[in-house]
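Student: Single-letter residue listing:
There are 4 protein chains.
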Amino acid sequence: MANTGKVKIGLIGSQFQADIHASSLKSMPHEAEIVAVASPTPGNAEKFAKHFGIARAYTDYREMLKDREIEMVSICAPNSLHAQMTKDIVAAGKHVIVEKPLAMTIAEGEEMIAVAKKAGVLLMYGEELLFTPKYLKVKEMADAGAFGKVYLVKQSEKHFGPHSDWFWDVNRSGGGAFMDLGCHGIAFCYWFLGRSPIKSVYCQMGTYVHGAKTKADDDCLCILEFANGAVGLIENSWARRGGMDDKIEVFGEAGCSYANLHMGNAMPTYSENGYGYAVEKAPTTKGWTYPVFEELWNYGTPQELNHFARCVRGKETLQSTGEDGLVVMHALYAGYASAGEGKKISMPFSAPQAKKPIDLWLNGPARRT
Amino acid sequence: MANTGKVKIGLIGSQFQADIHASSLKSMPHEAEIVAVASPTPGNAEKFAKHFGIARAYTDYREMLKDREIEMVSICAPNSLHAQMTKDIVAAGKHVIVEKPLAMTIAEGEEMIAVAKKAGVLLMYGEELLFTPKYLKVKEMADAGAFGKVYLVKQSEKHFGPHSDWFWDVNRSGGGAFMDLGCHGIAFCYWFLGRSPIKSVYCQMGTYVHGAKTKADDDCLCILEFANGAVGLIENSWARRGGMDDKIEVFGEAGCSYANLHMGNAMPTYSENGYGYAVEKAPTTKGWTYPVFEELWNYGTPQELNHFARCVRGKETLQSTGEDGLVVMHALYAGYASAGEGKKISMPFSAPQAKKPIDLWLNGPARRT
Amino acid sequence: MANTGKVKIGLIGSQFQADIHASSLKSMPHEAEIVAVASPTPGNAEKFAKHFGIARAYTDYREMLKDREIEMVSICAPNSLHAQMTKDIVAAGKHVIVEKPLAMTIAEGEEMIAVAKKAGVLLMYGEELLFTPKYLKVKEMADAGAFGKVYLVKQSEKHFGPHSDWFWDVNRSGGGAFMDLGCHGIAFCYWFLGRSPIKSVYCQMGTYVHGAKTKADDDCLCILEFANGAVGLIENSWARRGGMDDKIEVFGEAGCSYANLHMGNAMPTYSENGYGYAVEKAPTTKGWTYPVFEELWNYGTPQELNHFARCVRGKETLQSTGEDGLVVMHALYAGYASAGEGKKISMPFSAPQAKKPIDLWLNGPARRT
Amino acid sequence: MANTGKVKIGLIGSQFQADIHASSLKSMPHEAEIVAVASPTPGNAEKFAKHFGIARAYTDYREMLKDREIEMVSICAPNSLHAQMTKDIVAAGKHVIVEKPLAMTIAEGEEMIAVAKKAGVLLMYGEELLFTPKYLKVKEMADAGAFGKVYLVKQSEKHFGPHSDWFWDVNRSGGGAFMDLGCHGIAFCYWFLGRSPIKSVYCQMGTYVHGAKTKADDDCLCILEFANGAVGLIENSWARRGGMDDKIEVFGEAGCSYANLHMGNAMPTYSENGYGYAVEKAPTTKGWTYPVFEELWNYGTPQELNHFARCVRGKETLQSTGEDGLVVMHALYAGYASAGEGKKISMPFSAPQAKKPIDLWLNGPARRT
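Chains as they are written, first to last, in the numbering used here: chain A, 1 to 369; chain B, 370 to 738; chain C, 739 to 1107; chain D, 1108 to 1476.
Hints were generated in silico from the structure; no laboratory data involved.
Incorrect hints may appear among the rest.
[Said to hold, decoys possible] Chain B side only, calculated, beta carbon under 10 Å to chain D, not exhaustive:
(1) P637
(2) Y639
(3) E641
(4) G645
(5) Y646
(6) K650
(7) T653
(8) K655
(9) W657
(10) T658
(11) P717
(12) S719
(13) A720
(14) A723
Keep in mind the model is a prediction, meaning the values are calculated, not measured.
Here a beta-carbon is modelled for each residue, glycine too, at the ideal position from N, C-alpha and C.
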């Protein structure tokens, strides 16, 4: 492996998340490039490679890991595969990017961190909200004292359900909207508050709209208490109509701020004819819409991947770590447990018996009543 | 008492709420008029009467109750006085308007309803959100099926603390932001969802900013579960800077709507010089502001008071009742208890020992740790 | 005619404007009531009367004028009929409300004012923007000095074309979007600036979208210079998709304000199913929409009609007069002439030969090239 | 000069525009780098060079032009110097970036284009709106047919006056708000409409607020007619309070879109304390503000400069040319003439006698009356 030039990436996956990674690097191409892609479904990797001009395609990612040019591997695969893939990548001596959430279980997450540490490779956690330009500005204002002591941070991500079918199967996803989207909000609040430890978690969740196709929660409200006295309120949904919605609010003793990536960034547009693309998960481009511009840049994924590449080159210090992902995992478990028990769960919380986070809700006493 | 013409009102109070009642009736003068005002502080009632052109002023409301012309008495006094005043008014054979919240305790509320019923007078509960024009439109859309089955209703009211000092004293107010403002949100969600019974309440609250002057909660998040499967999320604050903020959001399987009475109704305005009035509790009229227009009409208080007067005349059926206020009281108690215990409280919930709602939080096991 | 009680109104018309008048008085019923309606198309008046609970219906408005109970007649008929109707109403000794624009020609307008003056009846000009609550608040801020000296006032009204077909026929309407909607903007800027005289008018107009069905202008930009040094910019369209849009902007040396009656008052709403009604001229209630609440109140028509009734009773001084309408007529003529000549037209401007305002554009030298 | 690697830039200027160029290249450093800076005021270039880590500083730009490493020179100097500097740069065999507007006179602009062409170097015109991401998305929707045939394009840029004092001196600037800001709007509309030729120009302008310090227009409305039948409306101000405002609106037979770079991108924020930076020309960071995030990226200057560097390397085709700047110059002259004459000016328009655009207004017959 070279230590200069662009960082060479191997990508696992060919669906929605993989597309975002490849498109992000196409828009910011100077620090890294994807040289190989692996996807198990025959033909998918080839098609993806062709579309994005990637040199090599594999059906078995383990074959790809033999590629000595590859320095960093990005996992854009179902949550249930994160741990094994990470171990394989680390064993091949390569750096790892894991898309959120980190893993299915806390034990898996701990092992991933341990093996990466032992091998001396970076375990980078794909939380793009830490790189979202609009949210960074709010953090910058907060750090400049604009709001005085912050007592409440809110983050919300909502849409009408995930791109890939495996999310609906709790055995592959480990959980529903809270696991899929709440991991963003937990990481965001934790980071915004200077990584103050999470003291407790409470969730209200249900399968309100998609009960016919999933056992997963499709809408969730989550309240976090932090050691510094602040509170986080996270709202997530797979049941909100009208396209993607991602926003934050920050309240402090001396001020407040409202930032919205979608309706708050958009150019309200009316079209009888429709047009190419409005925004992630938008149902139509006709009538009134809220189109986004430079969507990935506004989410921060190109900046995140560039940061990861620069970390590999030693030019920057990792801002979104496996440890961050593990903090999120603990909160996810506690959140599902709180919904299962109908009470606030104090941290630290361990649930050694649960195979996946959502079991703590599905099998909880409050749920069974 | 006449049974035709304008309904004659006696007003108890001369502060913020009393001002709203008098101003509201001045803007919609056809159904009712204030003929007397009572306030215990010497001079206050006179000054108020003079300002609003009210015929008679009293320092003792019991004197006012002897006025045979008065048909309806509006209580704009501290929460701790609601029950006794109501009993006195009812005893004088007059209809009662009680500003929110209904009372200090559930027992008080039950007694108020009972005495009014027995005397055959109306006990009208001053929840103006049931008359807020913008919110009524969202309800109308919901009832027309715009959103399909509604699974989440949100209401939020926030500002930087109440007008009158007695609110900070929990012995006079019974509670903080949750009691003062949460009563709006509870009533709103309950009404929006067709008065589906409240099944459970969970609150996260704290004294985040005003700890030096009060033991009351100054910020609260409240989650309600309703019997029909929907959820309410209520956010209240006495710690939010920048003026009043009141808004709702509604989410259903087929759509959603966002209504904001303040920033969402305003004309964004910049002024170097300032001007007369921006909005309730706005800190300044200089720089950028979000001024309101026809503030009371947009809140719905004139419409509410006109409705009450028409109910007295038998022209309309009461939409906001003492029973509604009692439902809110139960949820307030359960909410404070949930914060005190760190768990969701199932309804029905009784707390016979508590002298006021906030005691269940202040003395709760979760709080003491 | 009585001089007390509700003012009794006779309404001429049964289409869009008439509906607004009747609905407005239904929502604010204390000052006036419609006791008769006249419409020439057989059946229309009856249907309208039945719908709104109006006592009497006529096909010939002259028959209606014999009704001695009627004190005030509201003209909601094509522009080409305003002058004759006004003369007939005045001859019957009744007060007149004329919907905008005042007339087809300046001569007509002058005669209308003269006959009303001679007969001692009120000629009231239906410009509801002078009663629009949101705009009144901006005026109030301006008058309080919020913006210092105001140098630019903007008003814009746009939609995709009028309700009634007669508007497309320039012989009945006298002009297109500028005449239909520009009359609002001219009156608004004139009134906002304290009735400073209009010094010059310049218009850019065209038939951009509806050329197949009309010779009328369907989009117009109009610049007014006022004697006090301020400028008005008026934008009107019958070619703007997506529903009604009405907004103002005010700029002064010390500040500015932006007020929008539609997108700026709305609750952004998404619906898969649709619902009853979004807003005047909205194409659909499905997808994203900007529904209005209490539309007429927010436009100000109920307040305007109540004001007119109170003027008839001598309780208020007329705020929107025939003279205001005549100022608008002069500016409409000058505006069409400016577009016809490609130059700013200085006031006073007379065009004795033109049968209707739009002729000055259609036959102008700039247009013919 | 090398033909590979980063393009080496020499920068003329050390004030506001120069800062934007240097900051832009710092944020997108891969294609170009500033290796030298020249500014006549002693010390300025050194200070600037030190701040941005630029290798060499000069007081005389002609000295800098001798630097053989420099391939491209960016002119961020008063308008009156653009022509001479361009000729000197071209004579040194280097590519030229000219900040807007292109020159003081049409003759200058023509000569600049001619000398660059003859020397075979690129004359690149610094119009960043052609690279503004949000506006590009609207253009993309328009080109995808979202709006059908576009009949009206609006662009507005307003603030309370320029950064540098030389703008107020019409002998150095050549004009006021229309020249300084209108050049953006003219170029934008022209580009948005596929470079359809401008057929006519009409301007309304005045010195409404800053008359004590300048003869320049401080507010201007400009109407353009294009050969394809569409109209442009450009609004500019040096008199609008409250910080920078830049926005567009597009109207077509099938739809419309509203894009706002400032209030429409911002996170509405309230702060008692203030914070580092809100937005270009914002008066304060206290109270309510509309802070921007990644301001330069959202304006498009980094993208513009990267594009220019890539054009120098032959990787892209120049999108914003000297010829575009010359089209703008013609419209500026016509616009000032139209205000001076009170009539629409048809293109082509030549004004050989005018030393600077604003003279046509200041000395025009309409102005003198």
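Student: Determine for every hint whether it applies to the structure shown.
Tutor: Hints, one by one, checked against the model:
For P637 of chain B, the shortest C-beta to C-beta distance to chain D is roughly 7 Å, which falls under 10 Å, so the interface hint holds. Here the hint on Y639 of chain B is kept, as its CB sits about 3 Å from the closest CB of chain D, short of 10 Å. Hint status for E641 of chain B relative to chain D: holds, with the closest Cβ pair at about 6 Å, below 10 Å. Look at G645 of chain B: its Cβ only gets to about 17 Å from chain D, farther than 10 Å, so that hint breaks.
Below 10 Å, beta-carbon pairs count as interface contacts, and Y646 of chain B has none with chain D, the closest being about 16 Å; its hint is therefore violated. A hinted interface residue such as K650 of chain B counts as satisfied when its beta carbon comes closer than 10 Å to some beta carbon of chain D; here the least separation is about 12 Å, so the hint is violated. Look at T653 of chain B: its Cβ gets to within about 6 Å of chain D, closer than 10 Å, so that hint holds up. Hint on K655 of chain B holds. Least Cβ distance to chain D is approximately 7 Å, under the 10 Å limit.
Look at W657 of chain B: its Cβ gets to within about 4 Å of chain D, closer than 10 Å, so that hint holds up. With its C-beta approaching chain D no nearer than about 6 Å, T658 of chain B sits inside the 10 Å limit, and its interface hint holds. With a least beta-carbon distance of about 41 Å to chain D, the hint placing P717 of chain B at the interface is violated under the 10 Å criterion. At about 41 Å, the closest approach between the beta carbon of S719 of chain B and any beta carbon in chain D exceeds 10 Å, and the interface hint on this residue is violated.
This hint is violated: A720 of chain B has a C-beta 37 Å from the nearest C-beta of chain D, more than the 10 Å allowed. Checking A723 of chain B against chain D by beta carbon gives a least distance of about 36 Å; that is not within 10 Å, so the hint is violated.
Hints 4, 5, 6, 11, 12, 13, 14, counting from the list given before, are not met by this structure.
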